[in-house]
Amino acid sequence: MRRFSYRSFVLLSFAGLTFAQWHTSAIADPGRPVGRWLQDVSTDYAEDGWVQKPKFRPLGYMRPTDDKGWQTRMLALRAVVMQGKSSIPSLLKALESGDVSRRVFAAQALGYLGADVPPKPLLRAAQEDKLAAVRLYAIDALGMRGESANTIDWMSLRKQERNGDVRKHIGYGVERKDAAIHETVIQTLKNWNPQSINTAVVGKPAPDFELTSATKQKIRLSSFRGKKSVVLVFVYGDT
Amino acid sequence: MIQGSNTELLAVDPHEIWAAESLLKETGLTTDDLQFPLLMDPTQTVSATYGVAFQMRIHTETSNRPATFIIDKAGVLRYARRAKTFNDRPTPAQIVRELKKLDGK
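So the protein sequences, as listed, match chains A and B. Under the numbering used here, think of the first position of the first sequence as 1, with each following residue one higher. Under the numbering used here, think of the first position of the second sequence as 1, with each following residue one higher.
These are calculated hints, taken from the structure and not from any lab test. The C-beta atom is built at its ideal place from N, Cα and C for all residues, glycine as well. Any given hint could turn out to be false.
[Stated by the list, open to error] Derived DSS-like pairs: lysine-lysine, alpha-carbon spacing no greater than 30 angstroms straight-line:
hint, chain 1, residue 1, chain 2, residue 2
1, B, 84, A, 204
2, A, 190, A, 120
3, A, 204, A, 177
4, B, 84, A, 53
5, A, 85, A, 120
6, A, 228, B, 73
7, A, 228, B, 101
8, A, 85, A, 53
9, A, 218, B, 100
10, B, 101, A, 216
11, A, 130, B, 101
12, A, 204, B, 73
13, A, 218, B, 25
14, A, 227, B, 100
15, B, 25, A, 168
16, B, 25, A, 204
17, B, 25, A, 177
18, B, 84, A, 228
[Claimed, not checked] Which stretches of chain A does chain B cover? Using the computed rule of at least three CB atoms under 8 angstroms from a CB of chain B, they are:
hint, region
19, 112-125
20, 188-197
21, 222-231
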């Protein structure tokens, strides 16, 4: 028993170190091919890695608390958005992959590439993909292109869709009319420092940030320094 | 209860502004009805910095893990609670207790 725990300890430390090294080198390489990122997302952030407490069905699937795949997912999203247009062909190919985690990632990432993405493959994914998450992000991506108000038949998409969440996003597509994904949103992702990932540690200075509020006020965390303490709550819309 | 002259409450949400407006509209509210700033983080950059991005699948979306952090007046992070399930959060009383600890009361 003792020997087993020692061995697991060594193995886990080794895995941790390998991840840390990969992590640093991948961040440092701006030209890392999209295909490599897709491979990493597929390995580190597999769809079957979601866990849930049966009590909360159908809500709230979580990654395990020690999961590091989300970091891969975040860094991959930033990387493909940084590479811009040139990543579109690989992402479109991934959208037809048999691997669901690649398809979910590709559908979401294509949204941030806006009007340069051809609508047809997105429409096909929105209508035909077996996984609701892929359809939902394909719907979002169609809206984020910006010129979909007249070119997409949202009503027939809605009629055909059985998943309530996806139908809600079809509603968003109608509501956003011609409003493409805002350039400031893309810039925020591009300007984000990937070295700052997961750097909030109790006892250390809180990482600073500036975000725009729902009433379009710009708020910077450090503006409260010396004046007020801050309770910072990460929510999800209706929770 | 938490918001006051000594404490600011900030909420971070992983949606674009108009999606938040749409969610509020469903409950008959507008963004002006919010009692605290609702900060929009649609690309989850701040969520990632605070270690919670892309960790919850809810309403078919890949969202941030719910979490609560407390930062003291000096800008130092003093409390962090990252949720284990979607509705795992500190009670207002727990938050008030943590805030009192900051002042050494």
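Compare the distance between the alpha carbons of residue 101 of chain B and residue 216 of chain A with 30 angstroms, and conclude whether the hinted pair is satisfied.
-> Measuring from Cα to Cα gives roughly 33 angstroms; hence the hint is violated.
Claimed coverage, the region 112-125 of chain A by chain B - three or more beta carbons nearer than 8 angstroms = Violated, because only 1 residues of the region 112-125 of chain A bring their Cβ atoms closer than 8 angstroms to Cβ atoms of chain B.
Are residue 218 of chain A and residue 100 of chain B close enough, with their CA atoms no more than 30 angstroms apart?
-> 28 angstroms, holds
30 angstroms Cα cutoff - pair residue 228 of chain A, residue 73 of chain B | 5 angstroms, holds
Is the Cα-Cα distance between residue 204 of chain A and residue 73 of chain B 30 angstroms or less?
-> 13 angstroms, holds
Given coverage of the region 222-231 of chain A by chain B, tested with a Cβ cutoff of 8 angstroms and a minimum of 3 residues | holds (count 9)
Proposed proximity, residue 100 of chain B with residue 227 of chain A (alpha carbon, max 30 angstroms) | Holds - the C-alpha atoms of residue 100 of chain B and residue 227 of chain A are around 16 angstroms apart, at most 30 angstroms.
Quickly compare the C-alpha distance for residue 190 of chain A and residue 120 of chain A to 30 angstroms and report which way the hint goes.
-> It holds: about 27 angstroms lies between the C-alpha atoms, which stays within 30 angstroms.
Is the Cα-Cα distance between residue 25 of chain B and residue 204 of chain A 30 angstroms or less?
-> Distance of about 39 angstroms is beyond 30 angstroms: violated.
Are residue 85 of chain A and residue 120 of chain A close enough, with their CA atoms no more than 30 angstroms apart?
-> Within the cut-off at roughly 16 angstroms; holds.
Check whether three or more residues of the region 188-197 of chain A sit with their beta carbon closer than 8 angstroms to a beta carbon of chain B.
-> holds (count 5)
Is residue 84 of chain B close enough to residue 204 of chain A, meaning Cα to Cα at most 30 angstroms?
-> Since the Cα atoms of residue 84 of chain B and residue 204 of chain A sit roughly 23 angstroms apart, the hinted pair holds (cutoff 30 angstroms).
In this structure, the earlier hints numbered 3, 8, 10, 11, 16 and 19 are contradicted, and the remaining ones agree with it.
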